[in-house]
Amino acid sequence: MAFTGVLAVEEETREVFMNVGTAGEIIFYVVSTLTIGVFFWGSYRRVKKYRRGRAAFRMANLKKALFANPFQGVRRREDTWSVGAVAANSSVARRDRAAGIAHFFVFWGFITLFIGTVILTIDYDIVRKASKLIVGEEMSFFQGTFYIVYSVILDTMGFTAVLGLAYLAFRRGAIRPKKLDYERAEKPEGGYSRSKIVLGDWVFIGLFAAILATGYFLEAFRIVATGFPSFEVWSPVGWVLGRGFEAVGLSTAAAGTAQIITWWTHAALALTFVGMIPFSKAMHMLLDGVNLLVHDRSSVRHLPAPPPEAEHVGYQELSDFTWKELLDLDACTKCGRCHEVCPARTAGAPLSPRDLILDLRQWADANTGGITLLDHETRPDRTGPLTVDHEAPIAGGVISSRTLWSCTTCMHCVEVCPVGIEHVPTIVQLRRGLVDQGDMDPTLQTALKNLSTQGNSFGKSARMRARWTKGLDFKIKDARKEPVKYLWFVGDFASFDDRLQANSIALARILNAAGVDFGILYEGERNAGNDVRRVGEEGLFEMLADHNIAALESAQFEEIFTTDPHSLNTLRNEYPERGASYKVWHYTELLLDLVESGTIPVRSLGQKVTYHDPCYLGRYNGVTEAPRKLLKALGCELVEMPRNGANSFCCGAGGGRIWMDDSFLEERPSENRIREALGVGVDKFIVSCPKDVTMYSDAVKTTGNEGQMEVRDIVFLVQEALTNKPAEPGDLLERTGV
Amino acid sequence: MRIVVAMKAVPDLVEEIELTPDETDIDREYLKFVLNEWDDQALEEALLVKDATGAEVVAVGLADDPDIDQALYTAIAKGADGAVMLEGGGADTHSRAAAFAEYLAKEPADLVITGVQAPDDLDGQLAPMLAARLGQRHVSVVVGVEAKDGNVVVRQEFSGGRAHVLELPLPAVIGLQASRETPRYAPITRIRQAMQAGGVRGESVSTDVASSGLSVRRMFRPEQTSHAEMLEGDVDDIADKILELLRERGMVKG
Numbered sequence: 001m002a003f004t005g006v007l008a009v010e011e012e013t014r015e016v017f018m019n020v021g022t023a024g025e026i027i028f029y030v031v032s033t034l035t036i037g038v039f040f041w042g043s044y045r046r047v048k049k050y051r052r053g054r055a056a057f058r059m060a061n062l063k064k065a066l067f068a069n070p071f072q073g074v075r076r077r078e079d080t081w082s083v084g085a086v087a088a089n090s091s092v093a094r095r096d097r098a099a100g101i102a103h104f105f106v107f108w109g110f111i112t113l114f115i116g117t118v119i120l121t122i123d124y125d126i127v128r129k130a131s132k133l134i135v136g137e138e139m140s141f142f143q144g145t146f147y148i149v150y151s152v153i154l155d156t157m158g159f160t161a162v163l164g165l166a167y168l169a170f171r172r173g174a175i176r177p178k179k180l181d182y183e184r185a186e187k188p189e190g191g192y193s194r195s196k197i198v199l200g201d202w203v204f205i206g207l208f209a210a211i212l213a214t215g216y217f218l219e220a221f222r223i224v225a226t227g228f229p230s231f232e233v234w235s236p237v238g239w240v241l242g243r244g245f246e247a248v249g250l251s252t253a254a255a256g257t258a259q260i261i262t263w264w265t266h267a268a269l270a271l272t273f274v275g276m277i278p279f280s281k282a283m284h285m286l287l288d289g290v291n292l293l294v295h296d297r298s299s300v301r302h303l304p305a306p307p308p309e310a311e312h313v314g315y316q317e318l319s320d321f322t323w324k325e326l327l328d329l330d331a332c333t334k335c336g337r338c339h340e341v342c343p344a345r346t347a348g349a350p351l352s353p354r355d356l357i358l359d360l361r362q363w364a365d366a367n368t369g370g371i372t373l374l375d376h377e378t379r380p381d382r383t384g385p386l387t388v389d390h391e392a393p394i395a396g397g398v399i400s401s402r403t404l405w406s407c408t409t410c411m412h413c414v415e416v417c418p419v420g421i422e423h424v425p426t427i428v429q430l431r432r433g434l435v436d437q438g439d440m441d442p443t444l445q446t447a448l449k450n451l452s453t454q455g456n457s458f459g460k461s462a463r464m465r466a467r468w469t470k471g472l473d474f475k476i477k478d479a480r481k482e483p484v485k486y487l488w489f490v491g492d493f494a495s496f497d498d499r500l501q502a503n504s505i506a507l508a509r510i511l512n513a514a515g516v517d518f519g520i521l522y523e524g525e526r527n528a529g530n531d532v533r534r535v536g537e538e539g540l541f542e543m544l545a546d547h548n549i550a551a552l553e554s555a556q557f558e559e560i561f562t563t564d565p566h567s568l569n570t571l572r573n574e575y576p577e578r579g580a581s582y583k584v585w586h587y588t589e590l591l592l593d594l595v596e597s598g599t600i601p602v603r604s605l606g607q608k609v610t611y612h613d614p615c616y617l618g619r620y621n622g623v624t625e626a627p628r629k630l631l632k633a634l635g636c637e638l639v640e641m642p643r644n645g646a647n648s649f650c651c652g653a654g655g656g657r658i659w660m661d662d663s664f665l666e667e668r669p670s671e672n673r674i675r676e677a678l679g680v681g682v683d684k685f686i687v688s689c690p691k692d693v694t695m696y697s698d699a700v701k702t703t704g705n706e707g708q709m710e711v712r713d714i715v716f717l718v719q720e721a722l723t724n725k726p727a728e729p730g731d732l733l734e735r736t737g738v
Numbered sequence: 001m002r003i004v005v006a007m008k009a010v011p012d013l014v015e016e017i018e019l020t021p022d023e024t025d026i027d028r029e030y031l032k033f034v035l036n037e038w039d040d041q042a043l044e045e046a047l048l049v050k051d052a053t054g055a056e057v058v059a060v061g062l063a064d065d066p067d068i069d070q071a072l073y074t075a076i077a078k079g080a081d082g083a084v085m086l087e088g089g090g091a092d093t094h095s096r097a098a099a100f101a102e103y104l105a106k107e108p109a110d111l112v113i114t115g116v117q118a119p120d121d122l123d124g125q126l127a128p129m130l131a132a133r134l135g136q137r138h139v140s141v142v143v144g145v146e147a148k149d150g151n152v153v154v155r156q157e158f159s160g161g162r163a164h165v166l167e168l169p170l171p172a173v174i175g176l177q178a179s180r181e182t183p184r185y186a187p188i189t190r191i192r193q194a195m196q197a198g199g200v201r202g203e204s205v206s207t208d209v210a211s212s213g214l215s216v217r218r219m220f221r222p223e224q225t226s227h228a229e230m231l232e233g234d235v236d237d238i239a240d241k242i243l244e245l246l247r248e249r250g251m252v253k254g
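Protein sequence lines, in the order shown, are assigned to chains A and B.
Read in this note's numbering, the first sequence has 531 at position 531, and its numbers run on one by one without any break.
Read in this note's numbering, the second sequence has 191 at position 191, and its numbers run on one by one without any break.
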């Protein structure tokens, strides 16, 4: 290659196609062009698949993530991520610091090397060619100080990628975390194998490592072959490696031969990698940034409605999914974080959020002619995700109904997913199809039938809803008849369950004694519909919500508080879409306010307790501080369980699971949780959700820990700490001398 | 095959049932009415026959039954091909049978399935009366209906777990005790769609052509009695006592 003009000056640089020769260069350009063609063809096929999905309405998220709030989520998990959070790898480092740092190194190493290659292309293929055409001589900026700075940056960043990759390979190969073993939660009868996926992971890491290694070797051989020009010390890794080769006796001539062989190896590996990107695990490099930018956790709090124009109920074909849901499927890197935290999977149920996403991905690929290299499961009987041509329905076939019914909608999967996948809305969309086909537990069916006739899952008369108030020596105001400050939305369990009515009575007495102006809707209240919606019975949810909204509209109040975190979620987040926007509090927030303001004088209890965050309160709605502050105000020493706050472990009752059979589970999630609590050395398990009282009281018994652990609603701690006890029915009579 | 399911709405027993001031009837004013649970089973069995053979299923109820339209639309939502609401007819089982018979004379069915009983027809009179009026064969206490070569094969249940299987030609009237499968769930969306489509047809029948001739003089609340007996002793004693009780009541042999 002839260097003329500006390049003739002896400047610090390196020859770009050193020793390759004109023929070699032509071959390289032809193969590169073909490879880039394959890359774009594969990428186009992926994009075409997403475009078959419905509208997802995420452009506002994208804008916010890019421009309006480019640092959202960098330090703390919020509903959305941002370009800053993607750059900082915040979602990856969260909950797995070491893997996050390693990924950060690889991520930025790769990006830097990519930018380096682009710069080189700009210089070699554009600036030099254009300048030759225009001014008649080749001009280049790839020399002198620029070359030195370029070299040192690329050499260093490439090395960080090596370090990161080494840790990740070590973790995968030697530490072997359970979440990376790819064992399915649901074992298909005909058997399955994921060995191709495992191999694909190693090919991904291996190719990447080999590209980096050959790059450094190439650099070292070049430095040896060119006789260690002094400025090449700014390629430190290559320099040191070159000195090593020199020390073991590599001659300049041999280095030249090694250089050209390594050059072709490096080029072949790099081009193979580029060509594989759209067909393998490597595609996550392109998709996951996008998926994070359009991610919106709030879609779990207020679930999307069924497809408005669909002629069938539930998802039956690819075009029923939104493009975001389809993108979710391809975004999964199989990191297994959701698999690890999922209460269904932990309990031995057939659901693993990771498997669900991978199965749907493979099904989508199988039905759109998607090509995957070492990124799919094999099954001899071609069932489940290998089903093609509508041979089996998606819900109940590709994904078994038992799997779909196992979800407690606890949202832990969405919470921990480092790539912004929203599993829960997809699961509910699939459940809608099951409900439409009547494919459900008989006990769930009974509950839904009761809810549709009487508005409660207990099958009790709707008019008996406020019967528990007969246990009070005062009458709670009827908010439909007289104005109140707070409307108390009591909820089904706190109203009808014999074991929980005492909680409601205690709360009513405390509030009454504190002079809080509150009322209830009496028989006007229905189940709020949160779990009905998550079961997938959208019509029933609408019916219940509309009934409640009519009752709320007929009542006079300023704000709402609920006992049940599930009711709170739907009232706070889903009723506004139906035209009912109110300020909705949880009773722990209200009690904290009353205690902190001194309205309720309390003494210090001095008890050692642990606290369980209900999924729908902590993870869904971020109410984790109020109950803790309340415990502190009551003088309790809080011993946290390892899984707390937004990382709390589900009791197993959510998403309608409380109405379904759980006898097939190996260990109920609630039992797992009680064992966790026993492990931190406390004997008081404090909860703030009526369902939790039921779930955990049972779990204490079924784990044989009666007497070892006491499950108490936080309201009873407040009651115990009162310095001015509210009058018991008998007290009043004594004092008045009747 | 055309299958008619004769239906009845009855008070939801989770409600507190009050008597009218003259104590000759229950106070229906504030009661919630639901489909008689045996009729729900009858509908399910008819739909199972439909699933197997493609038979036409029509649900029929009396317009005077409170909330019957809800049950009829639910039937359509579950898969019935149509529903008919009969205007006229009376309240007691005799006149109900007459009303259904009059309708069936106009629009004959190959098979009529109805609940073997109802909370206010514990004798299970409707199916035999209807069969008598139509002059058709009748089997009651049936726990399974299947179509076979133009006939139906039914499984009739007796006490003590015995049953026999009968094959009978059509037309026939069946009093159904239990369907082979749990009655299917009707999603609210489908019920609403059925309501919007307005698939319930009205038909008028004569009123009170054949009342039972009986008049209610007074109704009584059930007496509150307690039959709970706590068994005492160690595990073996209690087990013996339970076994003895089961033998006494003929629930186990030997």
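Just to be clear, a hint being listed does not mean it is correct.
Taking lysine to aspartate or glutamate and the EDC-like style, the derived pairs with C-alpha atoms no more than 20 Å apart in a straight line are [unchecked claim]:
id, chain 1, residue 1, chain 2, residue 2
1, B, K50, A, D439
2, A, K196, A, E186
3, B, K32, A, E523
4, A, K48, A, D389
5, A, K632, A, E577
6, A, K449, B, E37
7, A, K449, B, E15
8, A, K485, A, E589
9, A, K449, A, E558
10, A, K460, B, E37
11, A, K481, A, D381
12, A, K470, B, E15
13, A, K608, A, E720
14, A, K460, B, D110
15, A, K460, B, E181
16, A, K196, A, D181
17, A, K460, B, E15
18, A, K129, A, E15
19, A, K449, B, E181
20, A, K629, A, E589
21, A, K485, A, D389
22, A, K460, B, E232
23, A, K449, B, D110
24, B, K50, B, D81
25, B, K32, B, D81
26, A, K460, B, E16
27, A, K477, A, E558
28, B, K32, B, D12
29, A, K460, B, E29
30, A, K449, B, E56
31, A, K460, A, E523
32, A, K470, B, E16
33, A, K449, B, E23
34, A, K63, A, D79
35, B, K148, B, D110
36, A, K701, A, D683
37, A, K460, B, E23
38, A, K629, A, E720
Derived by calculation from the structure, the hints in this document are not laboratory data.
Taking the hints in turn, this is what the structure says about them:
Taken as a hint, the K50 (chain B) and D439 (chain A) pair is honoured in the structure, with Cα atoms around 18 Å apart against an allowance of 20 Å. Our distance criterion of 20 Å between C-alpha atoms is met by K196 (chain A) and E186 (chain A), whose separation comes to about 18 Å. Proposed proximity of K32 (chain B) and E523 (chain A) is supported: the alpha carbons are some 14 Å apart, at most 20 Å. A threshold of 20 Å between alpha carbons decides the hint, and for K48 (chain A) with D389 (chain A) the separation of about 19 Å falls inside it, so the pair holds.
Of the supplied pair hints, the one linking K632 (chain A) and E577 (chain A) is violated, its CA atoms being roughly 36 Å apart against a limit of 20 Å. A C-alpha spacing of about 12 Å is found between K449 (chain A) and E37 (chain B), which places the hinted pair at or below 20 Å, so the restraint holds. For the suggested pair K449 (chain A) and E15 (chain B), the alpha carbons sit about 15 Å apart, so the restraint of at most 20 Å is met. Distance hint between K485 (chain A) and E589 (chain A) is fulfilled; the C-alpha atoms sit about 15 Å from each other, no more than 20 Å.
Taking the CA atoms of K449 (chain A) and E558 (chain A), the gap is about 33 Å. The hint is violated against a cut of 20 Å. With a CA separation close to 16 Å, the supplied pair K460 (chain A) and E37 (chain B) stays within the 20 Å bound. With a C-alpha separation of about 64 Å, the suggested pair K481 (chain A) and D381 (chain A) falls outside the 20 Å cut-off, and the hint is violated. This hinted pair checks out: K470 (chain A) and E15 (chain B) have alpha carbons roughly 18 Å apart, not beyond 20 Å.
For the given pair, K608 (chain A) sits about 14 Å from E720 (chain A) by alpha-carbon distance, which is consistent with the 20 Å threshold. For the hint linking K460 (chain A) to D110 (chain B), the alpha-carbon distance of about 39 Å lies beyond 20 Å, and the restraint is violated. Only pairs whose Cα atoms come within 20 Å are accepted, and K460 (chain A) paired with E181 (chain B) is rejected, the gap being roughly 25 Å. For the suggested pair K196 (chain A) and D181 (chain A), the alpha carbons sit about 13 Å apart, so the restraint of at most 20 Å is met.
Our distance criterion of 20 Å between C-alpha atoms is met by K460 (chain A) and E15 (chain B), whose separation comes to about 8 Å. Taken as a hint, the K129 (chain A) and E15 (chain A) pair is honoured in the structure, with Cα atoms around 16 Å apart against an allowance of 20 Å. Only pairs whose Cα atoms come within 20 Å are accepted, and K449 (chain A) paired with E181 (chain B) is accepted, the gap being roughly 16 Å. Of the supplied pair hints, the one linking K629 (chain A) and E589 (chain A) holds, its CA atoms being roughly 9 Å apart against a limit of 20 Å.
Taken as a hint, the K485 (chain A) and D389 (chain A) pair is broken in the structure, with Cα atoms around 58 Å apart against an allowance of 20 Å. With a C-alpha separation of about 33 Å, the suggested pairing of K460 (chain A) with E232 (chain B) is violated against the 20 Å cut-off. For the suggested pair K449 (chain A) and D110 (chain B), the alpha carbons sit about 31 Å apart, so the restraint of at most 20 Å is broken. Taken as a hint, the K50 (chain B) and D81 (chain B) pair is honoured in the structure, with Cα atoms around 10 Å apart against an allowance of 20 Å.
Under the criterion of a C-alpha separation no larger than 20 Å, the hint pairing K32 (chain B) with D81 (chain B) is inconsistent with the structure, at around 26 Å. Restraint check: the Cα-Cα separation between K460 (chain A) and E16 (chain B) comes to about 10 Å, which is no more than 20 Å; the hinted pair holds. Annotation: proposed proximity of K477 (chain A) to E558 (chain A) holds, straight-line Cα distance about 14 Å (limit 20 Å). The straight-line distance between the Cα atoms of K32 (chain B) and D12 (chain B) is roughly 6 Å, inside the 20 Å bound, and the hint therefore holds.
Distance restraint check for K460 (chain A) and E29 (chain B): the Cα-Cα separation of roughly 19 Å lies within the 20 Å cut-off, and the hinted pair is therefore satisfied. Among the hinted pairs, K449 (chain A) with E56 (chain B) is inconsistent with the structure: their alpha-carbon atoms are about 26 Å apart, more than 20 Å. Distance check on the hinted pair: K460 (chain A) and E523 (chain A) sit about 12 Å apart at the alpha-carbon level, within 20 Å; holds. Note on K470 (chain A) and E16 (chain B): the hinted pairing holds, with a Cα-Cα distance of about 17 Å set against a maximum of 20 Å.
Annotation: proposed proximity of K449 (chain A) to E23 (chain B) is violated, straight-line Cα distance about 32 Å (limit 20 Å). For a cut-off of 20 Å, the pair hint linking K63 (chain A) to D79 (chain A) stands: about 15 Å separates their Cα positions. With a C-alpha separation of about 13 Å, the suggested pairing of K148 (chain B) with D110 (chain B) holds against the 20 Å cut-off. Between K701 (chain A) and D683 (chain A) the alpha-carbon distance is near 14 Å, which keeps this suggested pair within the 20 Å criterion.
For the suggested pair K460 (chain A) and E23 (chain B), the alpha carbons sit about 25 Å apart, so the restraint of at most 20 Å is broken. With a C-alpha separation of about 17 Å, the suggested pairing of K629 (chain A) with E720 (chain A) holds against the 20 Å cut-off.
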